[in-house]
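Order-wise, the sequence lines are chains V and R.
Read in order, the letters of the first sequence are residues 1 to 253 in this note's numbering.
Read in order, the letters of the second sequence are residues 1 to 454 in this note's numbering.
Simulated from the structure, these hints should not be mistaken for lab results.
Please note that a few of the clues may not be correct.
What the hints assert, rightly or not - If we take Cβ atoms under 7 Å as the criterion, some of the chain V residues that face chain R in the derived model are:
1. Met1
2. Glu2
3. Asn3
4. Ala4
5. Val5
6. Pro31
7. Asn32
8. Val134
9. Gln135
10. Gly136
11. His137
12. Thr179
13. Gly180
14. Arg220
As the list claims (entries may be wrong) - The following label-pair restraints were derived from C-beta to C-beta distances:
15. V/Thr217 <-> R/Arg340: 29 to 37 Å
16. R/Ala422 <-> V/Ile59: 15 to 23 Å
17. R/Glu366 <-> V/Gly230: 49 to 57 Å
Stated by the list, open to error - Computed far set for chain V versus chain R, every beta-carbon distance over 10 Å:
18. Arg130
19. Met195
20. Lys200
21. Pro201
22. Ala202
All values derive from a computational prediction rather than experimental measurement.
Glycine included, C-beta positions come from ideal geometry on N, C-alpha and C.
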Amino acid sequence: MENAVHEPQQILVLGGRSDIGVAIARRLMSPNTRYVGLACRRPEDATTAVESLARPDVIVEALEFDATRVDEHRGFLDRVVSEHGDLDLVVLAFGQLGDQERFDEDPRSAATVVDVNYTSAVAVGLEVARRFRVQGHGTLVVLSSVAGERVRASNFVYGSSKAALDAFAQGLGDSLEGTGSRVLVVRPGFVHSSMTAGLKPAPFATTPDVVAEAVVTGLRNGRRIVWAPGILRWIFTVLRHVPHPIWRRLPLG
Amino acid sequence: MNPDYRRQVLTGWGLTSPSAALVGEVVPGELAERLKEPTGRGIVARGLGRSYGDAAQNAGGVVLRIGSSTSEVVIDSDSGTVTVGAGVSLDELMRILVPKGWFVPVTPGTRFVTVGGAIASDIHGKNHHVEGSFGRHVRRMSVVVANGDLVECSPAENPDLFWATIGGMGLTGFVVEATFGLIPIETSRCVVDTVRCRDFDELIGEMSIGDDDVRYSVAWVDLLATGRRFGRGVLWRGDHAKLSDLDAREAGDPLRYEPRRVVTVPPIVPGRGLVGATTSQIFNELWLRKEPIRRSGSVKSIPSYFHPLDSISSWNHLYGRGGFVQYQFVVPFGAEAALRSIVERIVASRLASPLVVLKRFGEANEAPLSFPMPGWTLTVDMPAVADGLAELTRALDDSVLEAGGRHYLAKDALTSAAIVRAGYPRLREWQEIRERWDPERRFCSDLARRLELI
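Just need the whole structure built from these sequences, with the hints factored in.
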């Protein structure tokens, strides 16, 4: 159970190699926390993250989880619940950025990215919601992106998958009204992380810890959507209305 | 799923940690049947929802309100006891008892608690230092246990169940009826002495002398005052007024009792509420100044002396949607230095609202999970959305344990399982008794899950 300041007992990060997902888990760990599961395709890749979260009296483990194998989602969640208890907080953090130039050459690779970022997220998101309804509580944090707020030519496949995910997550949150559980949509800007290593940072680039802090504040204040950094909310309020000819030419990375 | 249940999101009085459960209203005769239905996530009773945290919530499970009729209240004047259904509230009870010259043995700061809740939380009041908590006055009770049996228990009969149920947070069974002792009263008024204290040392000093000679004693502390005024407060001591204490006009109808609700706070207070450090500071200043430096023998009504906040319906909404946490702990006598440093920390945090209570507890009772122990108990309300709240209470938790104290489960929304285990050395013993009466763990609550009580 979460306590009065939304500190969970059990945390599950889907996409356990996500720097942001791990930062959120770290920020939400408290003496109330008993379990942290980092679910990713190759658990051995999450060893460093597991070690970085280690605390006395807390079980931290990497779990094998392939988001695209939607048939296995239910069994996976059931196993975590039966071994460690309710899913108090789930972070939906998996996703691939991909490379727009490669997508143009090989459209099938674009379909793979959309399959991970959207289709798989929908399947596991609904599965988590199903579990929340049974247990009568739970918080799902969904990592969206400002890239979905208004898509740009330089990464529109990624952006469109996040736009779809964002819309899905908001709808899922509404559908969970009255069930004791909720969804928080997180819209980070450019985040310095292993996913963006080597890329040129966009304006207002931020860090996983800033995103994690925004999540904590959002949960505490009962928000449905948080931006990280917060100023992006206002910037995109303007950018959304910038005329197309100008939008296309803006140096947004 | 039972068709009479409906899914509802519940919180405690602090409005934090919402969770959904199947909620139903039942009469005691139906309980055995309800316990036979598979629930998956257990079942717990809920009275008037006055515990501050998650004690009367059961996420994904069943939450039952047990209806009791006031027509079944039986007063035995010879033994000075009353027998009453567990769903009856102290408010309902007092409306019956007071005009007949009786008063409940213990009342907390609100009369909107049920008898079942009073037992489950083993509530205390302003008279704890001389008369103990509610459990001490319970002569017997009947409890529907996990297998559906109605079990009679008392200090002599099934004493393990009796004491495990007192303070047992509803996790041993459904209390359906109880008999407990009453206080005979001549009038429905109280005679109150007031002392305004300039600082913490003066307050502790005043409270430490003479408490044992008065039935009711409680103090308010200004937890926002700093410097010379650190720990200033007001001490009120009183007892039920005798007929001779009333003037001629009042003496004509000495047992008149008409509690009223004056205003209601609508549930539309903005997100962060109206309780901030500045508003609280102004309130505290006025609150203190309205009290005389020292006054004896002023006559007050029962509601204004015992339940001042009950005149404001839904006062919990003042904190806004984010809700609040009521932090209450006890530290033993001798730990005054620790108490002082805890108070200093709270003052430095500037998170305290005006709702603060300091009280001296008397002897503990035999119940393994009963909260009170001889010592000082401090209660303070703080907005749940405040920055730094968890960091503050965590530091306080450690100081409380170090001083040999513990936290009140009926208020708790923030401590952890480890803190409760350390604060309640008899938890294991209680768990063993509970396990015997409920081996399949039919009874469960959010509190039980969060603090790993069962």
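- Query: Which numbered hints turn out to be false for this structure?
  - Reply: none
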